[in-house]
Each structure stands twice: as structure tokens, then as C-alpha cells.
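Please construct the entire structure, taking both the sequences and the accompanying hints into account.
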Amino acid sequence: MRKQKGMTIIAILVFAFLFLPLLLIVVTSFGTAAAIQFPIKGFTLDWYGNALRSETMLESFKLSLIVGLLATILALLVGVPASYALARYTVKGKNLIKSFFLSPTVIPGIVVGYTLFQFIVVALGLPVFQGLLIGHFLISLPYIIRVVGSSMDQLDYSMEEVAWTLGCTRFRAFMQIVLPNVSSGIFAAFMLAFVNSFNNVPVSMFLSGPGVTMLPTSLLSYMEYNYDPTVSAISVMLMLLTIGLMYLIEKTLGLASIA
Amino acid sequence: MKKNIPYMILLPGIILLVFFLMVPLIASIFPTFLPKNGGIGNYIAFFQDEYNRGIFWRTIRVSGIVTIISLILGIPTAYFIAGLQKKWRGILMAMTLFPLLTNSVIRSFAWINILGKNGVINNFLLSVGIIDQPLSLLYTEFAIIIGSVYLFLPTMIMTLVGVMENIEGEMLEAAETLGASPFIAFIKIVLPLSIPGAIVGSILVFTGTLTAYTTPQLLGGNQKMLLATFLYQKASTLGDWNAVAIIALIMIVTTLIVMKGLNVIASRMDRREMNHA
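Residue numbers (the UniProt record's numbering), protein chains in the order written: chain A, 1 to 259; chain B, 1 to 277.
A hint or two may mislead.
Cross-link-like lysine-lysine pairs, in silico, BS3-like; alpha carbons within 30 Å at most [what the hints assert, rightly or not]:
hint, chain 1, residue 1, chain 2, residue 2
1, B, 87, A, 251
2, B, 260, A, 92
3, A, 92, B, 86
4, B, 87, B, 188
5, B, 3, A, 98
6, B, 86, A, 251
7, A, 94, B, 3
8, A, 5, B, 3
9, B, 260, A, 98
10, B, 188, A, 41
It is worth saying that the hints were derived from the structure and are not from the lab.
Note that the structure is a prediction, hence the values are computed from the model and not measured.
Here you go:
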């Protein structure tokens, strides 16, 4: 009923447009030439070895994982109770507070990175790591507020009231009744925020120092001086991680809940 | 006492945002308004400079073109996905989500390999004999546009599918029973009902392109700068913090104006639809 030839053709072309460039990276990662070439001549896994041996890449991969996890957990600790308060209670200036929580999305990432560097590293003299953590917390928070907020909005709070009347403390009712019921929203928000933090470039650009470089920034500076398939190899490994993550999400709560 | 509970729960987040987002932002931008730094004249001077103006308008132009292309490609694709059986819809949504979860460095890197001097396009055209000199495709506005469409098209598709899924199939069937061709039904029913999604998608794509750093840096280089790359250059190589703060405020204000503007258009259109019905 909704079939339309013209639109089907456009859709097929769009998916080709979305996937051929990524496929090109996969193919070039196996090429033997020192510069990226397509079509490739010869097959090698050397670039993967090269990528895995690179100290800088491994270190920055670890840092990106740690910062992403810590920042997202911090954003959950702040954002989940906040979404609950906004959904559950009549709060004065609710919309204003909500848009305040979402405001990091309005401020360009590169501006967040720059002002944080000025404030935390230059003015307060704190280490870069703290700055990174706070910067990534700021970009994660809106995802939590949005995704968890919509689960909290849909929850039927009479269950919680029943628990209260039966003598349950407010904290316990929140932990045992509210939280389990929004767990899929929390998981989806966690994944989205983590992936975004892991991939973020602009906030991390200014906040790097000796030994403190996030993976995308390392990739960028590697590309500035080298044009070999090592970047392709790293890209393929990251794509495999993404596929793994998507599989995990699909198995636990379905990708639809993320979209 | 109990009345204060929600405010107490909200307080940690508010404090963190004020302290780490608002204070640093104001601390950076406020000095540009001090008379000794040039005051409001800073902003007048920025727009009087032809080079700066060029970068500002290029940023707006590129973001606009990227948004329009994303709409043109996204609407049919989303319509196609929304009309599929549940299982297939899931698979195609996952395929749309995948590039979105892939790092922007990687996605731009792919386009360097395609558009570069030794890239796929030049290699192909040279070997076929259509050209005898490699074309300069990289470091052009065209490169930034194609890279940004690549970056933000999935966002547009996801947003549109969300809206189109909720359009009831019965409405289309009714239109077709009454003699509308599928194309007319699409134009008269699906398109108007998709406008809210298209507006949200456009806001995301426009402001995303406007503020993106990685793609313009890698595909436009220093020859075709946008505001984000300009800001980074002022900070990292020139250390001109006053200029950085000025560009930062211009970016924020532009983002807010675009968001407000598109929202106003959306609410106008909504009202018109209501009157129609």
C-alpha cells in the first residue's frame, strides 16, 4: 500500500550512500600498500598489528572508556533523580528547569570544551582529567534527561503511593518500585550517552595534555602526519565494537527503544 | 518539608550546571563586553571584516544546504522504512543507527579516501581517461557539504521515521479508495503530517552542521573554514582568547535564533493545519 517505486529507489541509493564509504574503509584496511588505495593490491593484517601495538592508541582508548563510563555514571546519578522529580512532582518553573538541564545541547561542543579549559585548567588549576570528566558529564546529561525523562513521564505512580501507604520509605519505594520500572529507559540512556561521549571530538579537543588524549583526538593527530591504513584498521575495530554494542542492546531491550 | 523534596533532588544538577557550564561560559564571554577589550564594538568589527563575514555566511549556507539535502533524501527513505513490515523496519532502523554510532572522525576519514587527490573518484576518472589531472575535490565547500550530509542524514531519517510510523495506514487506504494515486496520497496526507518531524529533524541537522568541528576540519581544512574551525584556529594557533569568546557567542546566538525561527515556522504551520481541518 505504501509502495512507491521512486521512493524505493531513493531509499536504496541512500543506504548505498551510507554504507559504501564504510565498506571502503573495511576493504582498505587489508591493503598492502603504505598509502590508502582502492582497489587494493595484496592482502595483509599488518595494519591491525600496527594499530594494536601503538601505545598512544591503546592508552587513549583506555582513557576514552574510563572517561565515558565515569561521566555517564555521574550523569545518571544526577539525571535520573532529576527526571524523577520533574515527572513526579509539581515543580515551579518545570519547563525552565528542564530546558536548563538540556542547555548543554544548545552550546556548541567546541565552546563547552574551550570555556571548561579556561575555567578548570587555567583559572582553577585543576588537572585536565577533571575537566574532561566534567565536559563529558555535561554532554551526557541531556541524553539522560530526555530518555529517562520520557520513561518517568509514562510511569504509573499509583504503585509508588501504594508502597508508601504500606509503610515503605520514600527512598526504598523509589529504589524498589520506580527504578526497576524505568530500567530499560536508563539502559538506553546510558548506552546513548556513553557512545556519544566515546565519539565526541569537540569537547575533548581543548582538554588534552601529556598522556591525557582521548581516542578520537589521537586518531585526528595521527591522521595529520600519516596517511596509511592503520586508521582504517582502528576504524574497523571500532565498528566491530559498535556492532557488538548494538547486538547487546537488541538482545536486552530492542533497538527501537533507543530510537 | 515534604514540599521541598523535588527541589532538593534537582539541586545537585542545577549546581553542577551553573558552576561548570554557566560560570565558565559567562567568565569567557563577559570580558568581550568590557570597554577595555573593545566592548560591543568587538561584534560590530567582526561583521565589518569581510573575511569573517565570509566564514559566517559560509557556515549558514553550508548548514542550510545540508539541511535541505537531508530533507530531500530523508523523507522518501523514512517513508519507505515506515511502510515496511515490523521485522524489516527494525533491520533498516538498525542500519540507519549504525553510521550514527560510528565516530565522526571515521566517517570523515572515509570521505578523505573518496575525495582526495589519490582518492577513489580521482583514481577512477583518471584510469577511465575522462580527466588527465586529478580534480581538487577535497578542501572545498562541496566536500564539507557531502561529509555533513553523510554525518547528519541518519539523524533526519530516524526523526522522520518516528513521526511517519504513527500515521495511520487507514488514512492512506481511504484516500486511495477515494481515487487518490499513491503519489497524491503521499503529498496530501503523509507530507503535511510529517512536518513536525521534518522541523525537529531540520533543527537537529542545521544546528549540528553549524556547530560540528571534525568534518569541516578534515574535509574543508583551513581553506574553507566554518565558525567551529575558525574558533579552534583562533584558540590553538593564535591564542587569541578574545576572538574565541566573540566567535563562541556568535555561534550560540545563531544556534538559538535558528532553533527559535524553525519552531515558530512549525507552530504557524500547525495552526494552519488545524484551521484546515
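Distance restraint between residue 92 (chain A) and residue 86 (chain B), which requires alpha-carbon spacing of 30 Å or less: Between residue 92 (chain A) and residue 86 (chain B) the Cα gap is close to 42 Å, so the pair fails against 30 Å, i.e. violated.
Pairwise hint evaluation, residue 41 (chain A) against residue 188 (chain B), where the allowed Cα distance is 30 Å at most: Violated, at about 53 Å.
Agreement of residue 260 (chain B) and residue 92 (chain A) with the hint, judged by alpha carbon distance not exceeding 30 Å: holds, 23 Å
Hint consistency between residue 87 (chain B) and residue 188 (chain B) [alpha-carbon to alpha-carbon, up to 30 Å]: OK: residue 87 (chain B) and residue 188 (chain B) at ~28 Å, within 30 Å.
Restraint status (C-alpha distance of residue 86 (chain B) to residue 251 (chain A) at most 30 Å): holds, 16 Å
Pair hint residue 5 (chain A) and residue 3 (chain B), alpha-carbon separation not exceeding 30 Å: Distance ~59 Å between residue 5 (chain A) and residue 3 (chain B) Cα, so the pair is violated.
Holds or violated: residue 3 (chain B) to residue 98 (chain A), with C-alpha atoms at most 30 Å apart: Roughly 19 Å separates the two Cα atoms, so the pair holds.
Given hint residue 251 (chain A) paired with residue 87 (chain B) - CA-CA distance at most 30 Å: holds, 14 Å
Holds or violated: residue 94 (chain A) to residue 3 (chain B), with C-alpha atoms at most 30 Å apart: Distance of about 15 Å is within 30 Å: holds.
Hint consistency between residue 260 (chain B) and residue 98 (chain A) [alpha-carbon to alpha-carbon, up to 30 Å]: holds, 17 Å
Hints 3, 8 and 10 from the list above are not met by this structure, while the remaining hints are.
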